[in-house]
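For the protein sequence lines, the chains are D and R, in the order given. According to this note's numbering, the first sequence is numbered sequentially starting from 142. According to this note's numbering, the second sequence is numbered sequentially starting from 142.
Hints were generated in silico from the structure; no laboratory data involved. Hints are not guaranteed to be accurate.
Since the list gives no way to pick one copy over another, a pair counts as held whenever it fits inside one copy or between any two copies.
Derived pair list, reagent style SDA-like, types lysine to any residue, alpha-carbon separation capped at 25 Å [what the hints assert, rightly or not]:
id	residue 1	residue 2
1	Lys503	Leu196
2	Lys318	Ala345
3	Lys318	Gly335
4	Lys340	Gln300
5	Lys377	Ser209
6	Lys310	Asp504
7	Lys570	Asp461
8	Lys318	Val360
9	Lys340	Asp183
10	Lys457	Glu211
11	Lys210	Pro269
12	Lys503	Leu565
13	Lys297	Lys503
14	Lys297	Leu316
15	Lys330	Glu352
16	Lys568	Tyr450
17	Lys332	Gly373
18	Lys503	Ile198
19	Lys310	Ala345
20	Lys350	Asp305
21	Lys318	Pro269
22	Lys377	Thr429
23	Lys377	Glu407
24	Lys259	Gln598
25	Lys377	Asp399
26	Lys318	Trp441
Take a look at the letters that make up each chain.
Number of protein chains: 2
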Amino acid sequence: MEDPTGNPENLVFPEREMLSVDETKQFIEERKYFDLKNLLADSLAPDIVEIIESLDISEQVIVFRLLSKETAAEVFSLLDHDAQEELLANFGEERVKAIFEEMDPDDLTELFDELPDKVVRQLVRLLPPAERSMVNRFMGYPEDSAGRLMTPEFIKLRQHISADEAIAKIRRIGLDKETIYYSYVVDEKGKLIGTVSLKDLLLAPPDRKIEDIMTTNFVYAHTHDDQEEVAGLLAKYDLTALPVVDHDQRLVGIITIDDVVDVITEEATEDIHKMAGMEAPIDSYFGTGFLMLGRKRVLWLVVLLVLSYLSSVVLKHYSDILQIVVPLAFFIPMLTGTCGNTGMQSATLIIRGLATGEVELKDFFRVLSREILMGLFLGIVLGLLSFIRARFVDINPFIGIAVGIAVFISVIAANMIGAILPLLLKKLKIDPAVSAGPFITTIVDVMSLILYFEIAQVVFNLR
Amino acid sequence: MEDPTGNPENLVFPEREMLSVDETKQFIEERKYFDLKNLLADSLAPDIVEIIESLDISEQVIVFRLLSKETAAEVFSLLDHDAQEELLANFGEERVKAIFEEMDPDDLTELFDELPDKVVRQLVRLLPPAERSMVNRFMGYPEDSAGRLMTPEFIKLRQHISADEAIAKIRRIGLDKETIYYSYVVDEKGKLIGTVSLKDLLLAPPDRKIEDIMTTNFVYAHTHDDQEEVAGLLAKYDLTALPVVDHDQRLVGIITIDDVVDVITEEATEDIHKMAGMEAPIDSYFGTGFLMLGRKRVLWLVVLLVLSYLSSVVLKHYSDILQIVVPLAFFIPMLTGTCGNTGMQSATLIIRGLATGEVELKDFFRVLSREILMGLFLGIVLGLLSFIRARFVDINPFIGIAVGIAVFISVIAANMIGAILPLLLKKLKIDPAVSAGPFITTIVDVMSLILYFEIAQVVFNLR
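From just these sequences and the hints, can you work out the full model?
Here you go:
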């Protein structure tokens, strides 16, 4: 199928026939359940999720009835927590059981985390005992830890079997495993001693022993490691799966790259929200309730408003000079704005560098020396421009001089504060993303205003 | 290995023995090249990269000489562009050839993209003819497109062979392929007609034909699709590899999830930098030259400074009332700050929602109605607080009234502008991430100042 426009939006899936919401609604209305069932069987789970999100709850329940057990569990896992909760309330007990049986323990744990305790207690009852104890163990790991992210469905091998025996085992048990492309070698105590890829197994001589094929210099995580670190390991070492061990070094699960893709997106979202002065995590814009979102937003706005008390106090302190030289007030937004923007830039560079691992605490002096130079450069450009700009608004050249010098010095300082504060917070084990919005603007506002009026006093000889 | 502290930093790799920079330097100094070579052979490429980054160029060249051809190419691909360029200048022609031969075409293309044209012309000459034409074709795709990201090293199967024949073929040719876990089925014209996983091949009866095993409802991309969209597809459909076809639907490459992980991180970084008012992309903090980084930072700072001319004009316009009621100036930073923060919050929520695909243009009215309510809530809380806060600084209650009302109305408006502007820019096909910093603060500053002084004129009866 040619597309001469080269427009990417036209190019994606030009011929994948997808069931639409309207078609689905029509099939349901006309009770053509058999046809709908066949069409759903040909659809991919993420596409079914998009359809379900636009259906009424009664239609949703019908669609679920028409899905295979596996697809039903997959689709259910991909829905918003709100949608999941509503469906659970509308499903019969048998259907809930069937879906839970097919769901991965990590998805179940995530679901139970979001539901009210009372509901969870009722639901856990519906699980088969083995899965119940699994979910309970998963829920014992800290939120956002490797333990929560992992799946226990991996392939375990012993070191003494041959490549061909291993492949036979994988063919036998592979169907239910999260990945068959990596197998994990454990000793008699369950301790992880090596990893082996299906590629290596297939390409090795059939009678070669696992212990001679496996990699012993493998990367792994512990159950309590933070998911962001885990994501970093998978990204850094280009892995598609990472084994997770407990405190005794026993293999308890694996984390696959597809789960990590979601983590990376989530963590970036969290940082972005924090940097804009919001309490994180806000998992989703529409999925977060109005009151919850309001609370997460208003908190920092109030803190910042209260902190800006300081800038008012500073201005009040200089009210005499402001009274005499009113035009000084014209440049307050420009001064605080320019310095705030500069500090925000350097803070953002360092915060993001810390998040991606490029900048580390040991780079402190490297950052310092770089930002001293950068501050000088920005200070000169912006100071000069402010001076010129002030001359356009007000004919008094002394105001321009006060503005220019204040911007020059404040920009250098703001740039430095923006770069150093995230590193200091990181050192104090506080999330540096929080520093960008609140602290920097407040500090920079107060500092630049004091400088501005002190310089003005000198320039206008008002001391 | 137990770790009772539960501190994740202690838990990662407690027993992986890694070669250190100091050890490497010492081996080189003592000319113990054989020992170093053995230790390097046991190291993972990303760990070698970290060592190399701390070595002098002459030491770097020695380390490269001790690496296997494959590892050398892998390590080289992972280095910064600056480091790559320096190494190329210090390598002999033979070494460059050896490394280029082992590098993936997508990595080569990326490298050539960053180097000066003159250098590229010399280097392309060193490639074997087949690879030269491949790189030239790759460089014909737009930057950040699927064509640039893909690798041509995938397994191609015909539909008429059996599962066992396919497995035998994979065993034979799999060693050089980017993944053996997915194979792609093409017809006689090279058109992609299906995909089949190694899992399905292994679990199918050995004589079953590929056409009866393959998935025909597969997801794929076109060479010109944007890498961000491609990343979205892999994430949405939980894929580990995505086939890429040309305009004639012929299979030309695959994109694997590990490349996409980098894209997701890069795109998030780009958005974060843009939102902080910097020109993107800034691929790395230390890796970007001082002048380049300075240029990317100063541009928007200058634009914002020039735009803040408007706020000065507004203030000048109201200089009479400012002269009479000087305390009005005390609250300017609080007013513009609070409104700017509010607008930044709603803008950030929508920009990130658009980036992750949760918010779409069709949600315009849903966003609008949500943010009207949210603006009212925030306006009431912040307006009241500003009124109270103003009373603490200045005893004149009329100023508090003017501040409170101005904050109340401006917060509602700022919140709305922040939410709508990204959607409008998206509609106009401008990157919405650009709107957060520059436009919103400027608009909000001017608007809130006008409101403030208009209200003050009424309250103080100064018209």
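Right, here's what the structure says about each hint:
no. : hint            : result
1   : Lys503 x Leu196 : between (53 Å within a copy, 17 Å between copies)
2   : Lys318 x Ala345 : both (22 Å within a copy, 16 Å between copies)
3   : Lys318 x Gly335 : both (18 Å within a copy, 23 Å between copies)
4   : Lys340 x Gln300 : both (17 Å within a copy, 22 Å between copies)
5   : Lys377 x Ser209 : between (37 Å within a copy, 20 Å between copies)
6   : Lys310 x Asp504 : neither (49 Å within a copy, 50 Å between copies)
7   : Lys570 x Asp461 : neither (43 Å within a copy, 50 Å between copies)
8   : Lys318 x Val360 : both (20 Å within a copy, 22 Å between copies)
9   : Lys340 x Asp183 : between (30 Å within a copy, 20 Å between copies)
10  : Lys457 x Glu211 : neither (68 Å within a copy, 68 Å between copies)
11  : Lys210 x Pro269 : within (16 Å within a copy, 53 Å between copies)
12  : Lys503 x Leu565 : within (12 Å within a copy, 43 Å between copies)
13  : Lys297 x Lys503 : neither (40 Å within a copy, 48 Å between copies)
14  : Lys297 x Leu316 : both (14 Å within a copy, 24 Å between copies)
15  : Lys330 x Glu352 : within (16 Å within a copy, 44 Å between copies)
16  : Lys568 x Tyr450 : neither (28 Å within a copy, 39 Å between copies)
17  : Lys332 x Gly373 : within (24 Å within a copy, 37 Å between copies)
18  : Lys503 x Ile198 : between (54 Å within a copy, 22 Å between copies)
19  : Lys310 x Ala345 : both (16 Å within a copy, 14 Å between copies)
20  : Lys350 x Asp305 : both (9 Å within a copy, 23 Å between copies)
21  : Lys318 x Pro269 : within (19 Å within a copy, 42 Å between copies)
22  : Lys377 x Thr429 : between (32 Å within a copy, 20 Å between copies)
23  : Lys377 x Glu407 : both (18 Å within a copy, 14 Å between copies)
24  : Lys259 x Gln598 : neither (66 Å within a copy, 57 Å between copies)
25  : Lys377 x Asp399 : both (15 Å within a copy, 9 Å between copies)
26  : Lys318 x Trp441 : neither (45 Å within a copy, 51 Å between copies)
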